[in-house]
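Just so you know, the sequences run in chain order X and P. For the first sequence, counting from 1, position 61 maps to 61 in the working numbering; every step adds exactly one. For the working numbering, add 1000 to where a residue sits in the second sequence, where the first one is 1.
Since the hints were derived computationally from the structure, they do not count as laboratory data. Incorrect hints may have been included.
SDA-like mimics (lysine to any residue), calculated; alpha carbons at most 20 Å apart, straight line [what the hints assert, rightly or not]:
1) P:LYS1050 to X:GLY255
2) X:LYS89 to X:ALA170
3) P:LYS1187 to X:LYS89
Listed next, the stretches of chain P that the computed footprint assigns to chain X, with coverage defined by at least 3 CB atoms under 8 Å from CB atoms of chain X [claimed, not checked]:
4) 1147-1159
5) 1179-1192
All of these numbers come straight from a predicted model, not from anything done at the bench. Yeah, the Cβ is synthetic: ideal placement off N, Cα and C, and Gly gets one too.
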Amino acid sequence: MSLVAVAAGLACARAAEARAASVVKLGPESSAVPGAAARHAKVQILSDLSSIAPGGTAVLGIAFDIQPKWHIYWNGRNDSGTAPEVEWKLPEGWTVSPLRWPAPERHVAPGDIVDHVYEGQAVLLATLTAPKDAKPGSAAAISAKVSYLVCNEACVPESADVSVNVNVRADAEKEHGAASGPRNTRIVNAEKRLPVPISQAAERVKLSWEAATATIRVPGATRVEFFPSEACADIKNLVTDGAKDGDVLQLTIEGDPDKRLDGVIAVRRAKAPSEWYVIEAARWAASGAASDARKDQKGTGTCH
Amino acid sequence: MKAMKLLAALTITGGLLVAGAMTAPAFADPGAKTAAPKHEKKEVSTDGVKVGDAAPAFTLKDTDGKEHTLAELKGKVVVLEWFNPECPFIVKHHSEAKKNMTFNKLYDDYNSKGVVFLAINSSAAGKQGNGLELNKKMKTEYKLPYPILLDESGDVGHAYGAKTTPHCFVINAEGKVAYMGAIDNNKNIDKAGDKNYVKAALDEILAGKPVTEATTASYGCGVKYSN
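Pulled out of the complex, with its shape left as it was, chain X reads as follows (with noise of 0.2 Å):
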């Protein structure tokens, strides 16, 4: 590949980026305690590609730079806290998906309180889709609120308007492809830290009961973690059990009988990348026998 044609490519790669990035609109500061300075996070809408067919889809992200030393919150089992809330302003015929929510870092604070959070930069992510008779050559502004609370050891709610322009053509593919060009990097790198099911794990992760307590193998890992979703079973002193450094994890549920194992494990290796796995509604046989709750795994995951 001549040098013109690697520069060439740089710059649409950069203004590719330029593109799909978001126009920044600032919301009013909203800040409930007294005498709060400036807001300790920006926020904008990043579009994975910068157009889109018509029928089809895109990614967006919702990405947080986060002051340094505070965290806003995953829509997990936190002790304190409270998730981001995302307001979509969409033309007419334009759809969105629920937020999917990449991989957070356990945090605990003194009293034992027990947090899910993102520090640093974070993105939210969400599929767009384009209504079938969006006009090619017309650009759509997709707008949101974002609404959010953010610590370090004050908490502030803070909220911004951001919006991002995504162009309609005709030739974008339907489903993603090389043809729009290279996707947005934040988004890609946030892709990486989403959860995949448990069932993916296969060897990887070994998850046995007996009675009300679920044991996580890991082989190989140097640290394992467990973050409860919202729907979780209350998990016996999640603040010591819920992470270790080796390989096992041990969860003793207690509490309501309905309620399942129901979250992110996480976990660390040496001399590979993290992985993030999601468990959902796990539960030891009815009888109390303790049976490899994997095979409850595979598939749907529902509760019964």
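Got chain X; can you put chain P on it based on the hints?
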């Protein structure tokens, strides 16, 4: 460290302090079958009460310097609200601008029935919400009709296991924790929920009935304990 704090609290209150139950792990010892994890910490969290426990005693001063003890409220139904005037979730329930005034309404309905309300602020020195002058000022600004007790050491917060502001504990006339958890069912920072758990618990307690929803997950800012 936590054991030392509890010991200190025992000395300070000089009364019956029921620490959170220190239970042995219920699961089988993994040692025999699997490699034990490295850096295994055997500590179990000792913070906090469960519904049915005797409410831990306390002696705390309010923003007027007046001392309050749980002992002097023996035989009464008591609502404890963990409080931090600068927390957005407290603002939601106490600031007139938010139009909820959740706790004032509760006080108006139940204080006349003999229920005692106390706010407890366990923010440590230097942390958000801490300070006599701030709490005095905000008590007036929020038109709070009941005292704010200052628990700067966090000992009382730890004894109850208070994690958020607000975090509500209702103590029945027998001195037992009858309800603990959220004030209501909407964990956002603007609108109060349509189901007030404390109100429901108080109605049942005052009618001599068991509390049906005795424990809920509280929501709010984390209590600003010292490190």
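List, from low to high, the hint numbers that the structure doesn't satisfy. 2 and 3
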